[in-house]
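Visitor: Modelling step: build the complete structure from the supplied sequences, incorporating the hints.
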Amino acid sequence: MTGVTRSRIPALLAGLNGPQTLGNSRLFWVLWLAGVAAFALLPCVASRYQVLTASNFFISAILALSLCLIWGFAGILSLGQAAFFGVGGYAYGIVGINLIEATGESGAALVVGALAPALLAAAVGALMFYSRLKGVYVAILMLVVSLLLGLFMRQTADPAYAIGGAYLGGMNGLGPATASDPSIPNLTLGFGELVAEFDGRGRSFYWLALGALVAVYLGLRWLVNSSFGYLLVAVREDERRTETFGYDVRLIQLGAFCISAALAGLAGALYTAWGTYIHPDGFSVGPNILVVIWVAVGGRKDLTSVVVATLSLSWISIELATWGEISLLVLGVILVAAMLVAPEGVFATLGAWFGRLMVRSRRRPAPPPTAAAKLGAAR
Amino acid sequence: MEWSGQVFSWIYQYFDNMAFLLLAASGLILIYGMMGVINMAHGELMMIGAYVASAAFYVGAPAPVAIVAAGLVAGLVGIAMERLVIRHFYNQLLSSLVVTWGLSLILSQGVLLALGPSTMNMPTPFGSFSVGGFSFGVYRMVLFATAIGLIAGVWALFRFSSFGVAARAAMENPRMASALGVDTKRVYTATFAIGSALGGIAGALFAQTAAISPFFGQNYTPMAFITVVMGGGASAILGLVYAALYLAGVQTIASNVFNQYVGYVSIMAAAFIGLLVMPSGISDFVQKRRARRMAR
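For the protein sequence lines, the chains are X and P, in the order given.
This note's numbering numbers the first residue of the first sequence as 1 and each following residue consecutively.
This note's numbering numbers the first residue of the second sequence as 380 and each following residue consecutively.
Misleading hints may appear alongside valid ones.
Covered stretches of chain X, going by a simulated chain P footprint (3 or more residues, C-beta under 8 Å) [what the hints assert, rightly or not]:
(1) 130-138
(2) 141-150
(3) 285-298
(4) 328-334
Examples of chain X residues lying across from chain P (beta carbon under 7 Å, computed) [stated by the list, open to error]:
(5) L77
(6) L127
(7) M339
Facing chain X, according to a computed beta carbon distance under 10 Å, are these residues of chain P, among others [as the list claims (entries may be wrong)]:
(8) S474
(9) W480
(10) Y643
Everything labelled a hint here was simulated from the structure, so no lab data went into it.
Quick reminder that beta carbons are idealized off the backbone N, C-alpha and C, glycines included.
Guide: In structure tokens form, the structure reads like this:
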């Protein structure tokens with residue numbers, strides 16, 4: 001990008017643009033703003049059910065972004081990303097049930113929902129990265145962690161599995177321990193009298209989820225284009241070389257892993273708040289593979305592609321549901337086909353192609369470079 | 380004699396757990412050790428084997444025929460998978476992991492659509508015997524013997540047959556092997572088919588102890604993966620045996636002292652601790668130590 005175009009872009013966006021992300025042009029940001037505005041206005045035209053479903057899509061997109069960060073940028077594939085999602089969801093529910101009547105808000109529960117999986121990631125990640133486990137092994141061990149958590153949650157039907165007023169509930173899902181305890185609260189933010197309740201079925205929650213997605217997206221764009229982002233990519237491309245330059249690869253991997261877990265946990269907490277419901281099946285193979293499909297089909301190395309893929313694939317799944325239980329089968333076929341045809345992801349490939357097309361069309365009016373100019377450029 | 384039954388029960392469980400890990404992981408570790416691909420669809424190949432075996436059994440085929448049929452069908456499915464998809468993902472570990480996971484989703488969901496979620500059952504043959512007041516199924520011991528037999532057979536195939544020599548050459552140095560006239564593509568397909576057939580046979584054997592459903596494979600894959608990871612890639616077959624010896628021991632102790640769930644978790648914990656000491660698996664560790672001793 002030349003100096004002229006860069007100066008046109010508002011300084012605000014400078015930190016968000018860079019070689020680690022597709023879509024750095026003014027046109028991209030105009031389209032992006034239009035897209036966000038369209039989503040923000042959607043509740044004015046869409047039905048209640050569509051708003052409810054779309055809220056969940058935004059939560060899914062946050063989860064997909066969390067995997068995109070570690071897989072696409074740091075080169076750490078986790079097949080058990082739903083483990084962090086589920087832990088965040090359970091943490092939100094447990095803290096929310098215990099605190100909602102005392103404090104009248106569940107913002108603290110949301111924070112714990114992000115922190116608890118980050119702690120789990122720190123513990124498991126420290127073991128894995130500091131023993132320099134191979135990437136495939138990390139991927140599989142994370143899936144096993146997720147399945148074991150699910151197995152554990154399944155057998156918590158015994159009333160002894162109560163944490164304060166929250167009862168883990170086995171296959172019935174998380175709930176209150178006794179009739180006098182509150183159920184999983186709606187997301188309620190604020191202090192004292194100044195609280196706002198976001199009912200998962202309402203428009204307010206929709207806007208909140210959209211806002212969270214936009215915040216996570218912009219935050220990650222800033223992160224991956226910062227010097228830490230360059231480090232992540234360096235680790236992905238060549239661990240040994242990065243180490244030779246004096247960086248602690250294990251620490252970088254652990255850091256990215258914890259951030260990713262916190263984001264997945266945030267998504268999980270929002271999910272629990274959305275449906276006021278969390279169930280051991282959240283840890284099973286299905287949710288774990290869905291995240292991988294969204295990220296792989298979108299393009300693991302680009303945040304925008306992952307969000308677009310998550311939203312469109314989630315929408316396709318819902319549409320397919322009317323045809324019977326074929327949505328997972330179709331998603332499996334889409335995944336395998338995408339991996340064969342566009343290994344870097346369908347949306348990322350399309351995006352890169354579109355970007356090249358735009359650059360070429362902009363250059364067309366210019367006269368073809370002379371041999372002398374070519375020589376000059378080469379020098 | 381109460382205590383003799385107790386002691387025998389522990390030994391019996393140890394062998395049972397070992398048979399479980401050996402059978403579930405044998406095909407998987409062959410494919411991983413020889414080709415560097417971890418086949419996430421391995422559990423689904425076992426599921427296909429289980430369905431084929433039970434279908435053959437209810438048609439009236441004797442059990443050995445049903446098991447062989449299961450191995451054949453799973454091997455054919457494996458060939459199709461390798462030819463159509465997996466071929467394009469050699470030397471891309473993470474991508475092959477994801478694409479085979481996609482295949483597993485297609486297979487399990489496809490079978491779910493075709494056959495429905497209801498489970499099938501096969502009777503467990505051979506009856507039982509009792510020691511010190513405890514009753515034990517004979518079939519579990521037959522499983523163990525079969526597992527050892529299968530693994531020894533695979534080892535011998537790759538160690539002594541001309542196919543085995545060609546396969547090992549193709550894995551070690553594909554370009555040199557093909558320069559010497561080995562059709563490496565064919566060797567890859569054949570190895571994958573053998574691994575898949577082992578999965579199908581394992582599925583058919585487990586079908587006689589567990590309910591068969593489209594998600595049959597998911598019960599076996601996590602433990603099979605841990606065994607493969609623990610075994611390491613240096614010497615696939617030996618690694619498998621080491622890993623099964625170690626993990627089954629931990630599981631037997633933990634599930635007897637605590638409960639079944641702790642037994643499962645202990646496998647995971649044991650694998651974690653093992654990998655802290657030996658980051659690329661037991662067989663790599665043993666090989667390196669041997670090399671060091673030789674150097675001295």
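Visitor: If a hint holds in the structure, say so; if it doesn't, say that too.
Guide: Results for each hint:
For the stretch 130-138 of chain X, the assignment as covered by chain P holds, since 7 residues bring a beta-carbon within under 8 Å of that chain's beta-carbons and 3 suffice. Restraint check on the stretch 141-150 of chain X versus chain P: 6 residues with Cβ-Cβ distances below 8 Å, three needed, restraint holds. Residues of the stretch 285-298 of chain X lying with their CB closer than 8 Å to a CB of chain P number 5, which satisfies the three-residue condition for coverage. Coverage of a stretch by a chain is defined here by at least three residues with a beta carbon nearer than 8 Å to that chain's beta carbons; for the stretch 328-334 of chain X and chain P the count is 5, and the condition holds.
With its C-beta approaching chain P no nearer than about 5 Å, L77 of chain X sits inside the 7 Å limit, and its interface hint holds. A least Cβ separation of about 6 Å between L127 of chain X and chain P falls short of the 7 Å threshold, and the interface hint therefore holds. Restraint check, M339 of chain X versus chain P: the minimum CB separation of about 5 Å is within 7 Å; hint holds. Taking 10 Å as the C-beta cut-off, the interface hint given for S474 of chain P holds, the closest approach to chain X being about 7 Å.
The interface hint given for W480 of chain P holds, since its Cβ lies 6 Å from the closest Cβ of chain X, which is under the 10 Å cut-off. At a threshold of 10 Å, the smallest CB-CB gap from Y643 of chain P to chain X is about 7 Å, leaving the interface hint in force.
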